[in-house]
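There are 6 protein chains.
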Amino acid sequence: MKIVTVGEIMLRLAPAGYYCFVQADGFGAEYGGGEANVAVSLANFGAESVYVTKLPAHDIGQAAVNALRRYGVDTRYIVRGGERIGIYFMEKGASQRPSKVIYDRKGSAFAESRYEEFRWEDILRDADWLHITGITPALGENTADLTLRLCRAAKERGVKISCDLNYRKKLWTRERARKVMSQVMPYVDVCIANEEDASDVFGIHAANTDVTKGALDKDGYVSVAKQLAERFGCAKVAITLRTSLSASDNLWAGMLYDGEAHFSREYPVHIVDRVGGGDSFAAGLIYALLKGEEAQGAIEFAVAASCLKHTIEGDFNMVGEAQVRALAGGDGSGRVQR
Amino acid sequence: MKIVTVGEIMLRLAPAGYYCFVQADGFGAEYGGGEANVAVSLANFGAESVYVTKLPAHDIGQAAVNALRRYGVDTRYIVRGGERIGIYFMEKGASQRPSKVIYDRKGSAFAESRYEEFRWEDILRDADWLHITGITPALGENTADLTLRLCRAAKERGVKISCDLNYRKKLWTRERARKVMSQVMPYVDVCIANEEDASDVFGIHAANTDVTKGALDKDGYVSVAKQLAERFGCAKVAITLRTSLSASDNLWAGMLYDGEAHFSREYPVHIVDRVGGGDSFAAGLIYALLKGEEAQGAIEFAVAASCLKHTIEGDFNMVGEAQVRALAGGDGSGRVQR
Amino acid sequence: MKIVTVGEIMLRLAPAGYYCFVQADGFGAEYGGGEANVAVSLANFGAESVYVTKLPAHDIGQAAVNALRRYGVDTRYIVRGGERIGIYFMEKGASQRPSKVIYDRKGSAFAESRYEEFRWEDILRDADWLHITGITPALGENTADLTLRLCRAAKERGVKISCDLNYRKKLWTRERARKVMSQVMPYVDVCIANEEDASDVFGIHAANTDVTKGALDKDGYVSVAKQLAERFGCAKVAITLRTSLSASDNLWAGMLYDGEAHFSREYPVHIVDRVGGGDSFAAGLIYALLKGEEAQGAIEFAVAASCLKHTIEGDFNMVGEAQVRALAGGDGSGRVQR
Amino acid sequence: MKIVTVGEIMLRLAPAGYYCFVQADGFGAEYGGGEANVAVSLANFGAESVYVTKLPAHDIGQAAVNALRRYGVDTRYIVRGGERIGIYFMEKGASQRPSKVIYDRKGSAFAESRYEEFRWEDILRDADWLHITGITPALGENTADLTLRLCRAAKERGVKISCDLNYRKKLWTRERARKVMSQVMPYVDVCIANEEDASDVFGIHAANTDVTKGALDKDGYVSVAKQLAERFGCAKVAITLRTSLSASDNLWAGMLYDGEAHFSREYPVHIVDRVGGGDSFAAGLIYALLKGEEAQGAIEFAVAASCLKHTIEGDFNMVGEAQVRALAGGDGSGRVQR
Amino acid sequence: MKIVTVGEIMLRLAPAGYYCFVQADGFGAEYGGGEANVAVSLANFGAESVYVTKLPAHDIGQAAVNALRRYGVDTRYIVRGGERIGIYFMEKGASQRPSKVIYDRKGSAFAESRYEEFRWEDILRDADWLHITGITPALGENTADLTLRLCRAAKERGVKISCDLNYRKKLWTRERARKVMSQVMPYVDVCIANEEDASDVFGIHAANTDVTKGALDKDGYVSVAKQLAERFGCAKVAITLRTSLSASDNLWAGMLYDGEAHFSREYPVHIVDRVGGGDSFAAGLIYALLKGEEAQGAIEFAVAASCLKHTIEGDFNMVGEAQVRALAGGDGSGRVQR
Amino acid sequence: MKIVTVGEIMLRLAPAGYYCFVQADGFGAEYGGGEANVAVSLANFGAESVYVTKLPAHDIGQAAVNALRRYGVDTRYIVRGGERIGIYFMEKGASQRPSKVIYDRKGSAFAESRYEEFRWEDILRDADWLHITGITPALGENTADLTLRLCRAAKERGVKISCDLNYRKKLWTRERARKVMSQVMPYVDVCIANEEDASDVFGIHAANTDVTKGALDKDGYVSVAKQLAERFGCAKVAITLRTSLSASDNLWAGMLYDGEAHFSREYPVHIVDRVGGGDSFAAGLIYALLKGEEAQGAIEFAVAASCLKHTIEGDFNMVGEAQVRALAGGDGSGRVQR
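Chains as they are written, first to last, in this note's numbering: chain A, 24 to 361; chain B, 24 to 361; chain C, 24 to 361; chain D, 24 to 361; chain E, 24 to 361; chain F, 24 to 361.
Next up, chain A with everything else stripped away, as it sits in the complex (with noise of 0.2 Å):
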């Protein structure tokens, strides 16, 4: 099972604990971004997870590559040059404070880069699964023309396609994006999205909905994934349920839509760290489909990886195969494994 997964990958500095940013005094310094993330967590499931990116050639490039390679994630395609890797800062919220979240990736090696960089020809080979987000395109015209050769290109050699859509509204407008995420959406199998996104960039509404009030309306979430399906021909819709009760506590759910609507169970989370959320979603979810799970068992397992990763400080979800199943089996009690 051999999924690639190409985007960027950052620097994240966050202060210790629940500190500010303005009271901060240093910063633990992991490494993720939202494509990361998913190859982390797939190699963390036993996968053959291979990441493609650019990063600058000294040493906290190097330091982001041994991030990926301490998890075992297969880096050798990976292109050293250019002048910067791009960072993130986050600030962890609590109760009604909300966490905070800077960004300084302007600029940065894989935004920069070329498709001709890259050796998309071995990337491929034997591939069987590619998976995208929308933040690729979003970060410049070279990524977004990247986005779509690598696309097609991964198309005529049948690799199957994922695309979560990620929208980030600091990086483009919502009229650029449509645009070329309606020539991206094509040629995507599974697309993964939450309520947001699919409103932002395609102009699909679910009704009843105000997520700042906590309030989910399902037949809403099934509505969009169908437009999601019909409009683009996708095979599959995946969405995030996230009901933020606060910055600590949140309800954790999803659905897939194949043509009718599998929702899983939801869990009431108590927060280690919710970044990577969603992507150790689509991890779970790539995983599941990948070994042949049926609807409702890949979204029981994409929920209860999930759900287990906001419990884990950084990006990447640590959780292995038989701890998400032992979650998604019913074992939510949390009691002392010994």
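Don't take every hint at face value.
Identical copies go unnamed one by one, so any copy, or any two together, can satisfy a pair.
Each computed SDA-like pair below joins lysine to any residue, with the alpha-carbon atoms no more than 25 Å apart [claimed, not checked]:
1) K25 x Q85
2) K183 x A258
3) K129 x V102
4) K129 x G105
5) K123 x R103
In short, the hints are calculated from the structure, not lab data.
Since chain A is already given, all that's left is putting chains B, C, D, E and F on it; use the hints.
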């Protein structure tokens, strides 16, 4: 908007996380105290915040000055000299285990300072507001005298005065507190208290309230506020309403009485650090009133500001006006701000 | 009040906060174990607490001795020698992610020690109580023999004996546990267990109880306790009642059976560290019984003590008698103690 | 004594102790840079130190402001806006392993700022001194223009100007440096350099000096200083003399040329953090000259101040005037001050 | 071998590594002081070491007791009560930057304790040795009285007495020191001092010695020791010989005078933490003398022990007898012990 | 360039900085060991480095795998299973205080592994070099057998073999070491040793050398190397030359004998962490030889690489080829690399 705050600032020594005093092999060092916390919160809102105290001329005294300067407090009127800086040790509780505070503040430079040592003429020039608390006169004869003379000087210059009763039973008896505070209160425009303060200091009781049971009686609070306002002629009385479910979870609200009672929204808070919660309430209230907020808007601002303080490590409230308005405006969902 | 506790003490290595084993680049080092935790808690209550074990003659062995001495445990009878100290690795869980424990205790100095190596004559002189657990005989032939002979020696001297069943399935089979513990139990005055222990070791079952579902059946527990008391002639049987809502939140209570059942109040606990919860229960119970508490008072003390343990980092319970009495007396509001 | 310093301030990220970049799982976060270091050192001496820069309006930008305010620097003229704060990564070397610095400063708010954005009229009012370095014009066209116009504006108001050449080969070519700095130098009263700067920027060489061999030739330095003074009409030229025995041990001295050469005492320094060593020399020199010190006294003060900086963590020099005078006065024994 | 040591024990607060006070955002917390350091070192050698002091009844007082117990000191005679524990702040110097110590010990529980509060009868029973220092009588009238009466009581019981002069100029004047210490000295069998102590307290000078220059004159020391021995009738006078090359590097030796002078080997020490160096010398000397070492052996043991202390963090000397003997026996190569 | 290294990898637990074991409340956790250190250093040079060992199937075993993967070591042939991972505790010495190492490696998964468990056919395919050490056969019968059979298999395939004698007296006797190593040596092309190894294992002595005195005798080393080469037919013998001035400062050099002796430059090293120094020498030598360096170039590369290792925390050498060449080429000035 120039606000003068006068009082002690202490070195706060706290074990990391939830470690007990007897487990600690180190202490996080911060600086704080009832009045300094107000001054810093005001500076973080963008107000011109002047802090007046006395600190020893050594490096730990300097570190306390620096802690104030770091957040933009004007420290130019702080007098340097005296023997020691007050210290308090803080052990953070959790669930059924209460936080513990050990004071070691006797003989501090400020406690032994005299009114004549400070440049009040300059300090009060163009000041809009003076904030004091019941802690300062409790420190000793010198500071009781200082408090009274300062109130007189401020009143003469038309400076508004707020006072947080902040009764500390380890610093003085109820009898002495009543005697001194009864002289202070006639100068006070805005009195800030919790239900226990009014009872401890002035014997003003609210019926049917048992703080250890978490039962709070709205009518009782209105009655307390009314009695305070009428006995001392305060234009406004503000009361914080804490329901302590456990050391980890509280309900938090407030009431502002200005002839009629204005109750705020109540927040369920999952606590990071509750020390300074009342002080951040005072700062929020002063700021909102100086900004010309109506009573209901002011109490909502004060409570939202102090709700957020409970999610922040240390004594100081780090939030700015925009964050408070976002919460007061209704978004307590804690969703990540990107 | 002299209490002798005999057993292993291990080096406990745990990543900081909620980090996973595979993320950790360091471990907090504490020392603990089922019996040592009881000894330290008793010393923290002010009892004369003697701990007996064997530790290697190197500096890590010394550090274990020091950890006990630090909290006032009498370590003079600890034998030094042997090859290694047992180790356990501990990864703290959160929400749906369970804590993980990895044991590396085989071949420890204590596990390979023999009855003759210890000065039992001196150790038991004037002792009021001996506390052992089912872990010691599970460590091997030597310590099973040691346990039995020690029980006999204590009984001869009129020392009361408590035993926490503490079944560890990785150390021995149910068959061997049953055989050995059936020889030990006739000496035991106070038997401490959880519902699973009785079932695992002696095949004594409570009906209608599924620990992973959090359902607890009071009648079932009484039935288990009664069977234990009757089969082995224990004067008292105490059972801890944990409802594991998640790794972060538990309900915690207990029951003491002395012919009739005395159930304690139940506490909702937001967990800091639940390891050692059962041991702190045993310590609380022993202390309360030796202080002459009636059954209901003793079980309330034991449960309040161990409720507080869940809010404390490490294996050891740091609370003193006054803190326990405050909670048992009804103040679980967690208000700051100044 | 009002001194204005203008330049960038960067976020400095450094692994703890002697860890390498690729080993680090966190970075200490400080703020510093060639000019900011001078401003902080001057404030620590008690001077009125005004710092002018541009920083983004987010919390990391605020943290940089706070770092300056903490030590008493006047930050009121700092402009907020722009995209990012410059960053530099710092790996501390030891013995034969050199320290490594990775810059990521391109596109910083200050680098892209324009002369018109700052309130120079207010900034230069009553200023006694302006300090700039060769880094600012190296950042780009905008800041080269800003530097020149600022020098002109300062000169018109009779403000003394010091400039630390600080050639940075990664920021600009020697050709461009020579062209721009040749326009700046005629305004400079006090030029600060090391032997390499003069050579790199102006092709002014000292004979017989090989810095990697640690050989320093006094006559060569005098010749360089004389050439600089004569070519550009500087009243004074100061040169730092570092003999790098290893990353852990250096010899440190300086020379001030004002027509004749004044060499300081040489200190053998066991290094804690040598970054900012040259900047603390500049600050010491400016302070001593403004205090009216004669040339020999000034160079001794500057070298003693910067000797002490090598023993302090971070970019900033924390020492006060008294500490510097104690060392310059001859007590380098490092005996405990009680 | 039972040795009683009497004196204060303080909370020591020190920034991590080489950080300055004004940079610190936390302090390592240890407990120490001139006498407590001796008691712990003796316990680490395996002696029966009894420590007598008074500490407040709160948790920080308890932590000080625990710090002593941890290393095996007998703390049963420590009286609990009084208002506060003395504190000292410690900033570690490096190279030319001296360490700084800020004392905040006024009004400590021990300083205000009286002779009658302690159970001297039990404390001195079977004691072989009593160790005191010149710090205790310097704390105030109470403890000066306590010291004298204690010396008398010890003498009556035939207990040997050692006294480390330890002159602290911030605690008392030379005049008062001379007056009080002249009464104490006649009871002292072994007097420990450095060259400055004898001069400061008794006006006994050694010619030709300038400690800031690092010049030490052997004859001068012998002359000082002889004068001390003769004036007060001490059997032995020991003097530590420190040549402070810098805060990072010292030369360290000692001399024991018992009618004739015995100089030890001199060690070049690269310093980790030099606080407590003199105290560890005293402990080494007492231990060696009680073990029956000849003068030369005793001074070599004392100096080797205290040489090793300089390589250990905190006030306490952690080394055991074997480590000291290995160094005194000639192996200072620092090769790894596997 | 494919190099296979076979051996144990242990969990290394070390107190922070210079803290002693008995002071530590936590341990930095790294992974290392004589052979693993070689493998990582080779990977950091860019070689294809394959590591073969056996590790338990739990998360701590996984963390050891991850530590290798992080730096690019090929871990695919590591067998998972067995009971435990070997552990070693490391206390860093300073000045006269030696470092201490406590081993707890008995019963490790690798020590109990058998030759048949590994896929040698795949492992040795296309391998250029096999590196082993004297530690592996010392672990027990199984691994002694494994070592011999592996040497034979490698020889058959024409793989070059290097062996670091690394005599560990706690693992086996000299007699057994001599017997086993005498069977291994005939397969070895490059033998690496220090002077003590040759003497301990084979009774081959160098005259006039006393390591505790720091005296090194060049002729003696040549004689030892020559004897080793001649007795066992090794093409090359490399010897590391350490002069231990103290735990903080060493002199470091090496010699390569290939019929004639090639001595390297000697470096005075101020030590950060000297563990793994010899292993980094082996890695440097293997790399240089495989790169086709002449003898003098190879020994200079090996010594420069391992000189740098002494400045790096942990067991692993982090430096790349360029850094080594810079030092070997003569720049040991430690100047900052910007």
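Q) What label fits K129 with G105 when the C-alpha limit is 25 Å: within, between, both, or neither? A) both (12 Å within a copy, 13 Å between copies)
Q) For the identical chains here, do K25 and Q85 meet the 25 Å Cα criterion within one copy, between copies, both, or neither? A) Both: 24 Å inside a chain and 21 Å across chains, each within 25 Å.
**Q.** Homomeric proximity label, K183 with A258: Cα distance no greater than 25 Å
**A.** within (11 Å within a copy, 55 Å between copies)
Q | Intra- versus inter-copy proximity for R103 and K123 (alpha-carbon distance at most 25 Å) | A | Intra 30 Å, inter 19 Å, cutoff 25 Å: inter-copy only.
Q | Intra- versus inter-subunit Cα pairing at 25 Å for K129 with V102 | A | Answer is both; intra-copy 18 Å and inter-copy 21 Å each pass.
In this structure, every one of the numbered hints holds.
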